[in-house]
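Participant: One letter stands for each residue in the lines below.
Number of protein chains: 2
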Amino acid sequence: MQLQVLLVAGTHGNEINGIWLFEEWEKSSFVLNTHGVKTCKVVGNPEAKKAGKRYVHHDLNRSFKEDSFLSFNSSSIEELRANELVKLYGYSGKNPCQIALDFHTTTSSMGSCLVVYGRREADLALAALIQNKLGLPIYLHESDEKQTGFLVEAWPCGLVIEIGPIGQGILNSKIIFQTKLILEKLLEQIHQVKNLNFFFPDKLIIHRHIKSIDFPRDQEGHIDGYVHSLRQSKDWHLLKKNDALFYKLNGETIKFEEDEPYIPVFINEAAYMEKNIAMSFTKRELWDFKKEWKQSLIDLIH
Amino acid sequence: MQLQVLLVAGTHGNEINGIWLFEEWEKSSFVLNTHGVKTCKVVGNPEAKKAGKRYVHHDLNRSFKEDSFLSFNSSSIEELRANELVKLYGYSGKNPCQIALDFHTTTSSMGSCLVVYGRREADLALAALIQNKLGLPIYLHESDEKQTGFLVEAWPCGLVIEIGPIGQGILNSKIIFQTKLILEKLLEQIHQVKNLNFFFPDKLIIHRHIKSIDFPRDQEGHIDGYVHSLRQSKDWHLLKKNDALFYKLNGETIKFEEDEPYIPVFINEAAYMEKNIAMSFTKRELWDFKKEWKQSLIDLIH
Numbered sequence: 078m079q080l081q082v083l084l085v086a087g088t089h090g091n092e093i094n095g096i097w098l099f100e101e102w103e104k105s106s107f108v109l110n111t112h113g114v115k116t117c118k119v120v121g122n123p124e125a126k127k128a129g130k131r132y133v134h135h136d137l138n139r140s141f142k143e144d145s146f147l148s149f150n151s152s153s154i155e156e157l158r159a160n161e162l163v164k165l166y167g168y169s170g171k172n173p174c175q176i177a178l179d180f181h182t183t184t185s186s187m188g189s190c191l192v193v194y195g196r197r198e199a200d201l202a203l204a205a206l207i208q209n210k211l212g213l214p215i216y217l218h219e220s221d222e223k224q225t226g227f228l229v230e231a232w233p234c235g236l237v238i239e240i241g242p243i244g245q246g247i248l249n250s251k252i253i254f255q256t257k258l259i260l261e262k263l264l265e266q267i268h269q270v271k272n273l274n275f276f277f278p279d280k281l282i283i284h285r286h287i288k289s290i291d292f293p294r295d296q297e298g299h300i301d302g303y304v305h306s307l308r309q310s311k312d313w314h315l316l317k318k319n320d321a322l323f324y325k326l327n328g329e330t331i332k333f334e335e336d337e338p339y340i341p342v343f344i345n346e347a348a349y350m351e352k353n354i355a356m357s358f359t360k361r362e363l364w365d366f367k368k369e370w371k372q373s374l375i376d377l378i379h
Numbered sequence: 078m079q080l081q082v083l084l085v086a087g088t089h090g091n092e093i094n095g096i097w098l099f100e101e102w103e104k105s106s107f108v109l110n111t112h113g114v115k116t117c118k119v120v121g122n123p124e125a126k127k128a129g130k131r132y133v134h135h136d137l138n139r140s141f142k143e144d145s146f147l148s149f150n151s152s153s154i155e156e157l158r159a160n161e162l163v164k165l166y167g168y169s170g171k172n173p174c175q176i177a178l179d180f181h182t183t184t185s186s187m188g189s190c191l192v193v194y195g196r197r198e199a200d201l202a203l204a205a206l207i208q209n210k211l212g213l214p215i216y217l218h219e220s221d222e223k224q225t226g227f228l229v230e231a232w233p234c235g236l237v238i239e240i241g242p243i244g245q246g247i248l249n250s251k252i253i254f255q256t257k258l259i260l261e262k263l264l265e266q267i268h269q270v271k272n273l274n275f276f277f278p279d280k281l282i283i284h285r286h287i288k289s290i291d292f293p294r295d296q297e298g299h300i301d302g303y304v305h306s307l308r309q310s311k312d313w314h315l316l317k318k319n320d321a322l323f324y325k326l327n328g329e330t331i332k333f334e335e336d337e338p339y340i341p342v343f344i345n346e347a348a349y350m351e352k353n354i355a356m357s358f359t360k361r362e363l364w365d366f367k368k369e370w371k372q373s374l375i376d377l378i379h
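Taken in order, these protein sequences are the chains called D and C.
Residues are numbered in the numbering used here as their position in the first sequence, beginning at 1, plus a constant of 77.
Residues are numbered in the numbering used here as their position in the second sequence, beginning at 1, plus a constant of 77.
Excised from the complex, chain D in its bound form (with noise of 0.2 Å):
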């Protein structure tokens, strides 16, 4: 089968730098350096992208789910729409791709990282090669009852790039400037693996998610506090016994009581505020790279 990347901007609707990258592309194939691999770029949610929202009826980011796929008859754009994009690139599609990467931006302080699901082997060697070359953080997403279905897990390797801080529907020079960075050393570091010139490194340190939390609330459920000053954009800042978390406006603030420290990865990003997560917690971890993963990477791409 020929090597061919699916890449996606606009999976969220208001994420639009992107998107806007990609038209430009589009106009002009030599703006970007796709090292000779085929791609085929889409914006995931086109009329989320109209209605400058993050979605129109579900979060498409969260719609990848195996029962979705079922729900033939399904109203939600969303639901709709991820079923097409299976369908059209999927593995097993009509213009079939083997790796997703699907292009984000938040409203966190988060720099530019790549986020994995979960634990499988070529995404972590994808993600290796580019840490390695760029030094970006790596977020596993895992162990998250509530917030599964995202798109990279429909095919079999896929990795999320988030870029921020940057507001919903702002485009920005340097969020352009980065986006387009980590495209064209994906497809680099792709090229170079179709080509078994490639270099592994032995180490990879990952952010493992643990778990979010919630703003403060009042008895009704309305957000009574929030993030403290000492905490906003300081994502990826290790977080302490005691330190600020929110601040109400009574004076009160509220600090982190757990012994054991974190490192906050998504501080305040404005489109979690609906999924009532005011921040997530992650460890650093420092892991041993496996070459079950080199080869897992090496066999999907050949």
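Because the hints were derived from the structure by calculation, they are not lab data.
A portion of the hints provided could be inaccurate.
If several chains are the same, the list does not tell them apart, and a pair holds so long as it fits within one copy or across any two.
[Stated by the list, open to error] For lysine to aspartate or glutamate, the following EDC-like pairs were computed, each having C-alpha atoms within a straight-line distance of at most 20 Å:
1) Lys-371 / Glu-124
2) Lys-127 / Glu-198
3) Lys-352 / Asp-291
4) Lys-127 / Glu-297
5) Lys-130 / Glu-351
6) Lys-317 / Glu-334
7) Lys-280 / Glu-103
8) Lys-368 / Glu-103
9) Lys-271 / Glu-143
10) Lys-251 / Glu-369
Starting from the structure of chain D, add chain C where the hints point.
Facilitator: Only chain C this time, still in chain D's reference frame:
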């Protein structure tokens, strides 16, 4: 007539920091010092807030036009709401207010600033008092036939308070604190004028609106360049001939080519993209404070 000040937050439904401040204030009156001034506080566009959008049908802050007050049969949520607000809280309304203070946020790096529409004497007097106390820049919006129908224009005196940068739909500690500080200072100064215990400055600095410019566009009208990294977040900084303005992915930098320098404001405000505004240009001017302005404000308040 008893002095009463209308406080509005969420005239744009996705500018949520002021709304949140008002809600917390409603729950515990002590979180905000009104200096004894009677206030009515409202969410400008509650329907848009519910939808997480700037507006539902039209921008509410462009809907306070003479002719829309004549269209009793409007089906636009915002035209109906504009009518309702004037009927409820207008100078001749059910619960009359003489002054309207409209709290906004912006995705541009405007810091905290005041916007006055046209050259109404009482507006300029109140803005001068605040500039004298807090040093805030004043943006005088006028001579723009495409942008009219602002909320505060429907009251005899009114200011817009703009605070940024903050993405749409994000609660932020700094923005909430800035909103609270300016609101309290405004009420303090109004209280002082009521007690004839005030100090008006001799001069004020005005940033006078000259014109707005659009993004670069291709032949089909799509935006094909973004704000240059050297211009991004440089609101209030002098723009001179040959300074970089926009960047296109083909490597081309579009420069500012006029001989006369300007001070740009609202650079890359997310909500202005649909209005074809990439930024606005102003002239910085030192104006003499006129004693008629002071009298006009005193007359209104007494």
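Participant: Against each hint, give a clear statement of whether it holds in the structure.
Facilitator: Now the hints, each set against the structure:
1. Lys-371 / Glu-124: neither (38 Å within a copy, 52 Å between copies)
2. Lys-127 / Glu-198: neither (36 Å within a copy, 42 Å between copies)
3. Lys-352 / Asp-291: Answer is within: at 9 Å inside a copy they meet the 20 Å cutoff, but 36 Å across does not.
4. Lys-127 / Glu-297: between (34 Å within a copy, 17 Å between copies)
5. Lys-130 / Glu-351: Classified as both; 14 Å inside a copy, 14 Å across copies.
6. Lys-317 / Glu-334: within (8 Å within a copy, 52 Å between copies)
7. Lys-280 / Glu-103: neither (37 Å within a copy, 54 Å between copies)
8. Lys-368 / Glu-103: neither (37 Å within a copy, 60 Å between copies)
9. Lys-271 / Glu-143: Neither. Shortest intra-copy (30 Å) and inter-copy (67 Å) distances fail the 20 Å Cα cut-off.
10. Lys-251 / Glu-369: Answer is neither; intra-copy 36 Å and inter-copy 48 Å both fail.
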